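Number of protein chains: 2
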Amino acid sequence: MQERQLQIIDILKFAARAHPTVEIVSRRIDEPIFRYDYAGLLARSSQAAGALGALEVRAGDRVATLAWNTHRHLELFYAVPGLGAILHTVNPRLVDDQIAYILNHAESSVLVFEKSFIPLVERLASRLTSVKTFILMSSAEDHVSGPIDALCFETLLATQSNRFDWPAVDESAGAVLCYTSGTTGDPKGVLYSHRAIVLHAMAAGLSGAFGITAFDVIMPCASMYHATAWGLPYVAPINGAKLVLPADKMGGEALHELIANEGVTYTGGVPTIWTMYLDHLARTGDNTHALQRVVIGGSAVPRAMAQTFAERYGVKVLQIWGMTELSPTGVIATPTPALLAHGESYAQDVIWTRQGRLQFGVEVKVVAEDGSEVPSDGETSGALLVRGPWTIRRYFKAETDAVDDDGWFDTGDVVTLDAEGYIRITDRRKDVIKSGGEWISSIDLENAAVGFPGVKIAAVIGVPHPKWEERPILIIEPHDNAVIATEAVMEHLAGHVARWWLPDAIHIEPVPLTATGKIDKKQLRQRFVTTN
Amino acid sequence: MQERQLQIIDILKFAARAHPTVEIVSRRIDEPIFRYDYAGLLARSSQAAGALGALEVRAGDRVATLAWNTHRHLELFYAVPGLGAILHTVNPRLVDDQIAYILNHAESSVLVFEKSFIPLVERLASRLTSVKTFILMSSAEDHVSGPIDALCFETLLATQSNRFDWPAVDESAGAVLCYTSGTTGDPKGVLYSHRAIVLHAMAAGLSGAFGITAFDVIMPCASMYHATAWGLPYVAPINGAKLVLPADKMGGEALHELIANEGVTYTGGVPTIWTMYLDHLARTGDNTHALQRVVIGGSAVPRAMAQTFAERYGVKVLQIWGMTELSPTGVIATPTPALLAHGESYAQDVIWTRQGRLQFGVEVKVVAEDGSEVPSDGETSGALLVRGPWTIRRYFKAETDAVDDDGWFDTGDVVTLDAEGYIRITDRRKDVIKSGGEWISSIDLENAAVGFPGVKIAAVIGVPHPKWEERPILIIEPHDNAVIATEAVMEHLAGHVARWWLPDAIHIEPVPLTATGKIDKKQLRQRFVTTN
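For the record, the sequence lines run as chains R and B.
Going by our numbering, the first residue of the first sequence is number 17, and it counts up by one from there.
Going by our numbering, the first residue of the second sequence is number 17, and it counts up by one from there.
Read the hints as simulated data drawn from the structure, not as lab findings.
Bear in mind the structure is a predicted one, so any value in this text is a computation, not a measurement.
Honestly, I wouldn't trust all of these hints.
Where chains are identical, the list cannot tell them apart; a pair therefore holds if satisfied intra-copy or between any two copies.
[Claimed, not checked] Below, in silico cross-link-like pairs of lysine to any residue (SDA-like), each with a Cα-Cα straight-line distance of 20 Å or less:
| # | residue 1 | residue 2 |
| --- | --- | --- |
| 1 | K148 | E138 |
| 2 | K472 | V390 |
| 3 | K332 | D113 |
| 4 | K381 | Q176 |
| 5 | K29 | E379 |
| 6 | K265 | R543 |
| 7 | K332 | F231 |
| 8 | K413 | D77 |
| 9 | K29 | D422 |
| 10 | K534 | Q114 |
| 11 | K29 | E389 |
| 12 | K534 | V466 |
| 13 | K381 | D181 |
| 14 | K29 | S392 |
| 15 | K131 | H512 |
| 16 | K204 | D113 |
| 17 | K472 | A504 |
| 18 | K413 | Q114 |
Just need the whole structure built from these sequences, with the hints factored in.
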């Protein structure tokens, strides 16, 4: 057989050949919606590659982005790896110190950024030790170079041919670099190879995973800067699906507009944005149009949200769990005949409460503290280890592997696995509350609390306790205008969890979120543990 | 990223873990139907690997099979490559000389065979230079060692553990060896690597290809000895689909029985068997039960067959084209929005007359005689070249590559490619008829002839002509009891093809087929060209 290398650019070449007229629709920053197709994407990616080559970007160089889900960002998803260089997607929601650290650590030499980030980039510029070239994602007419002498994205492309002689790149070469902001220590870089991205994109298209077809219209609402938006910018073209890119407009009305006008069938993102979307529909009385499936990840799906999608609008909700380190999909909650054999209501409950089922290529082991595998009974929890051809081995520039001698990566999650292969995350290892020698799942408590009317976000952390070692406390952020009585919450919880799981205290106040939209428990611990 | 190797055994390990109770149902030779599941398949494949290991089969050794689509054959699809050895599937429909040549050329040391082939194996045994061990696929009770001292498959397995410590195998190592009987010269071996098989199985599961889900029940009627039955023994478990194996029972009633009783949703094979199946339904008045899709390959699909499936039974017919050298899927005729945009009847026509559309991982180039690409207009024909990570590079033991310097493999087919990416095979290069400087497509003429009532098989070959260089003649094999008037056929053809394409002669007589069920044009040429 040919040892022909798996290369990212071949995904786009395929789509431009087999699905040339399939549309890509993108919001932009301060510009009207942009439309083209896969043939157009290849043409503009070729121009972008030509432009970067002319700027002396060479194989292995890092080209960083501070960008939203836009077509220009998408073009760099192909142009940069296609050149043999590394696309370094930076999370713009991090604090300045972290962004500067990440750019310097990656030694990125080019920084391409949206207009939204002009103040950020101008503020950071003097602290960036490796960036030599700044490129603003702007059209020629409204370009402003500013104090950093930013080049104009569209001007650079305009001078280039729409055909590019893509070099042969080894499949093990780095293609995309993404830093994950750990809860401790500095952010760590995960460098995806061409091979990992292509394999992941193939696997993620299968029916047991995203199950995308050429008839789908995909709107990725997970951020492209965060673990490549679940790989959808690569999964969609392999399957010939239309792509709709919402930029940073995740408000309910903005999402509804794209879903309705573009015939979106398939979308996904964190729960927060779907709350806004459903609020918009409830307010306006409009419906979900062609929408069929919403994949929700990042944090647990509130049951009421899944029910509203399913029962009011006939839209299927699928949970997903992944990590930057897994390229990034881990499990996804698609149904199987074995699950449905237990009856519709049992199956529905599993789909809505499990993060997903086992996927080909992501080998899973759930182990007790002594390293032995726990039974797949859906009850016994253990540490989740994974390995596979598109799982991380070593963080960028790290000197030791992130996996054990057998290749297992410890996800840091505590899970149960049931006989049908569905995984439920019961906690992050560091968030689990150890009370009287037993474990209390912070996630289970949070899920129970979110079921109480008016609760927008619920966060549970453990605080030290002289007798029990740790005890849970609950912090609740209410919906606008909701008034919540803590006694009523406690009564509600008593109906859902064991008596000894009930929190020792309930605080009603805003819950801080991290740059990736998760509950910032580090900050909560600083506030509640040290002052307690 | 991990450079974790793509290994065939990981497909089965995944299915046994994620879909342990999904059924595998197999006919056997002279034994009742056998049923187990993916957990059972892993257990018995482990036993088979143990047994082969005990027989001193080592990494790289060839283990040959003369076997039908049965569960024991399936077990060897995993056990042999899992050991690091090479499964060599031999086509039992070849003539003795070819089978002996293939086994000796491959230097296979073990030959595992079904009871049907006892006479064949006993007849060949003395001519086999490398086979040291014969294993009969039999149960202990009815085992007969015979003059070749055959071991008993079930006895060998019974002594082994159902857990096996699978070795790590490099993904570029050979896994499955399959000889393709060229029309000229000796058969040539295509050695699939682990990497090629796993990549092909992932790609073939995508919605644009087979599009298999965990809710499908797959019955592969293409032979497992012939290019791994389109890879379905590997595609099904990745997607968690139930497998139904018909052994060699391809008669209409036998197929109907499995389709009806096992809930088959998805099947495929050469047109001949579907003729028998539809005849059975017409005769009995029964229906297609849960059947949704029939994939037809090997030769062109008669339009009447596609229509009957679609209009009478609501079953979708998809054409497929592949080659042993492509692992083996090339293109498959799944619809796209771009195709449907031309209207339902145009789309239906394309689906039924094109072999398929472009697939991810199979790069295609259609070239004129001067090597330049022909326009993708659905009209201009050219030679079909392919390349990709699971396309052949070199035949087994060959000293030169089968591809050009850029990796392109010449399929020997003449095709057109249209703007929507659908390919129509107009001829094998060697079958095309060159008449007066222009090309006549033998396949187009055959398709037109098959549309005439009573025609079972139509074969067109070129015969030398003093003025025109070559002229077509048509050989027709009628259905049982059909009486065909050649003048009426000629009149029918005149309504479908250009005047100068009309054959110079029509012969009514049986059409010889090759061991893979295709029209044997070599034999026809010997008969008509040399005696003309």
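Now the hints, each set against the structure:
1. K148 - E138: This pair counts as within: shortest intra-copy Cα distance 14 Å, inter-copy 76 Å.
2. K472 - V390: neither (34 Å within a copy, 60 Å between copies)
3. K332 - D113: neither (40 Å within a copy, 58 Å between copies)
4. K381 - Q176: neither (50 Å within a copy, 26 Å between copies)
5. K29 - E379: Between. Shortest inter-copy distance 9 Å satisfies the 20 Å Cα cut-off; intra-copy 30 Å does not.
6. K265 - R543: neither (32 Å within a copy, 72 Å between copies)
7. K332 - F231: both (17 Å within a copy, 17 Å between copies)
8. K413 - D77: within (14 Å within a copy, 41 Å between copies)
9. K29 - D422: Classified as between; 17 Å across copies, 36 Å inside a copy.
10. K534 - Q114: Within one copy, since 17 Å is at most 20 Å while 65 Å is not.
11. K29 - E389: between (44 Å within a copy, 16 Å between copies)
12. K534 - V466: Answer is within: at 15 Å inside a copy they meet the 20 Å cutoff, but 64 Å across does not.
13. K381 - D181: between (44 Å within a copy, 17 Å between copies)
14. K29 - S392: Answer is between; shortest inter-copy Cα gap is 16 Å, intra-copy 43 Å.
15. K131 - H512: Answer is neither; intra-copy 48 Å and inter-copy 61 Å both fail.
16. K204 - D113: Answer is within; shortest intra-copy Cα gap is 14 Å, inter-copy 63 Å.
17. K472 - A504: Only inside one copy: K472 and A504 sit 16 Å apart there, 78 Å across copies, limit 20 Å.
18. K413 - Q114: within (17 Å within a copy, 57 Å between copies)
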